[in-house]
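Enquirer: Modelling step: build the complete structure from the supplied sequences, incorporating the hints.
Number of protein chains: 2
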Amino acid sequence: MEVSNKYVVIKHHIEEAPKESDFEVKTESLNLLVDEGSDDIIVKNLYISIDPFQINRMKSFSPSQDALSSSTAIIPGKAIDGPVIGKVVASGNSKFEKGDLVLGVFTWAEYSLVKETSILRKLDSSEFPLTYHLGVLGYGGMTAYVGFFELCKPERGEKVFVSTACGNVGILVGQYAKLFGCYVVGCTGSHNKVVFLKEKLGFDDAFNYKEEKDLSSTLKRYFPEGIDIYFDNVGGKMLEAVIANMNTFGRVAICGATAEYTDLRKTGSLDLVNVIYKRITIKGFIATDFMIHHFSNFMKKTSNYLRTGELKVIEDISLGMESVPSAFVGLFNGSNVGKKIVRLVEDEE
Amino acid sequence: MEVSNKYVVIKHHIEEAPKESDFEVKTESLNLLVDEGSDDIIVKNLYISIDPFQINRMKSFSPSQDALSSSTAIIPGKAIDGPVIGKVVASGNSKFEKGDLVLGVFTWAEYSLVKETSILRKLDSSEFPLTYHLGVLGYGGMTAYVGFFELCKPERGEKVFVSTACGNVGILVGQYAKLFGCYVVGCTGSHNKVVFLKEKLGFDDAFNYKEEKDLSSTLKRYFPEGIDIYFDNVGGKMLEAVIANMNTFGRVAICGATAEYTDLRKTGSLDLVNVIYKRITIKGFIATDFMIHHFSNFMKKTSNYLRTGELKVIEDISLGMESVPSAFVGLFNGSNVGKKIVRLVEDEE
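So the protein sequences, as listed, match chains Y and U. Under full-length UniProt numbering, think of the first position of the first sequence as 1, with each following residue one higher. Under full-length UniProt numbering, think of the first position of the second sequence as 1, with each following residue one higher.
Don't read these hints as lab results, they were simulated from the structure. Note that this is a predicted model, so its numbers are computed, not measured. Hints are all accurate, no fakes.
Identical copies carry no separate label here, and so any pair may be met within one copy or between two of them.
DSS-like cross-link-like pairs, simulated, lysine-lysine; straight-line CA separation at most 27 Å:
id	residue 1	residue 2
1	K220	K59
2	K78	K11
3	K59	K237
4	K301	K153
5	K59	K19
6	K153	K300
7	K200	K210
8	K312	K193
9	K87	K115
Expert: Right under this line is the structure:
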């Protein structure tokens, strides 16, 4: 049985901030039959995760390829891949059967022909919405959880600063930190988001970096007693200002550098005299390194917070394959709040 | 009994590279008698430790004061203080008696009037020369030892890069790393020092940074398989080049930033994309934080290496109070090799 299958590509490598015209939705013909006993599995995709790190795979020279063998470049004209949730429609592999809900690294397409190695796990939609497995119970949740608890090793009462605080990870770090008993200030890019962080998410305070001229003075105003922990998702000049305002034995966890992804000139400088005298630790990390030892704890703790309602889930969902380019571009111009997802079907059934 | 006591001061705050004319040797009259039962102790100083970190205390705004309450500013016209070895000549404190050899934080003077709290410990000159307690068995040795073993957590066969490799700390880090079984390359500032590192200290390789135009390409030449550990004593552009050449899970221990101490414009920028994807950890540290848990291990291991002759001690000793300014200035113009010390007496007896 042949179907028409829409998928998304980049037309060419993207070196700076992405534009919608850099992308194209193409159509191919796909056979939905698979050979019994083959490893071929066909998934009908329901939800595509839209993540800023993908921009690094879209460059002609991808800085990530050097370091991560798993992070292959995205090739212009070929379907982009990334975290996707789908439903198995045909399987030649005995471990998966028609109707299974699966999370994996699949193409940004209506249907993906995949192998078992591309599937991360089967999902169950009985307790939580499926989309949670792309956000709060997925990679972003793990990033917030291990970055905050394992890398930053917080103590109650410590002062925590979160940049890109309205992004998928920032929203969760801030909430974990509040639930743990820290003082939390977030930085974001609009007045509405500032209000949202304070009123809806319980951040102790928040500010709009676009309204601030001297970030170091701004941070001194919000942290008169200094910053103990900085969860960095933006990089650039903000890290410089944080180092100047950090307390001794301060910790910086860096999971993203959105400012630098699209403009390498935005790299900040590092004042090492402060780093030494304040004994600051700066750590870059990738949540997948922590899967084996920390995933089950993360799921247990986070699921409990979801059941009690203490952790709020913020999702920003667009509809249809045609919305993928604008959804992705929106990550870099400040238009999204929370986990960005594209929903491909009207109904999961 | 009154004696004439020479001591060294800065004439004014020093903001950039120090010059001999920034210093002055002054003379005061000092009474060598102390009251029985008082805490007053008078020490005749034998050896003054000359350390680059002191420049941070000589600035009008000392970046270290903010972070380290113990690191008070050096006041123009008042005697400078720092690590010194001396012999007690009079004591009102029953724990110390005339003739005791002591290591402490004393004035850069012929005689210092001190309290018990300024004395770190009594010394014994029977096995090792006293000067070792200012270098290989002192603060610099601890810095090399804890920085390499505790912060960098090396594994045998890892590739180690050491900047300021001919300085007090660099010489020891390189030797510890070789003895541990790592591949070690040092960077220094002259051809003679390059030869010295390779031929006398057993570094696998070394280069003169002044002869290199593009540090990142240089490092790629010396580390075709990448750098696992960087022991940073210089800061600035070198750290930038190292990050570009680092392997995944690379570690950077920063104990000094000599390039930045005297010229804040030399601050390097930090490429966070590499820091994240390579999961790099950067840690500033101060060896005194590790005294309680690591000093006895450090002394035991290092003393054994000294007994077997596996660890070479390189000292650079000047004679007399008048040589203090040039000794200090020399730390910043590349003229010293190994631990810089000023000897104040002809004979320890």
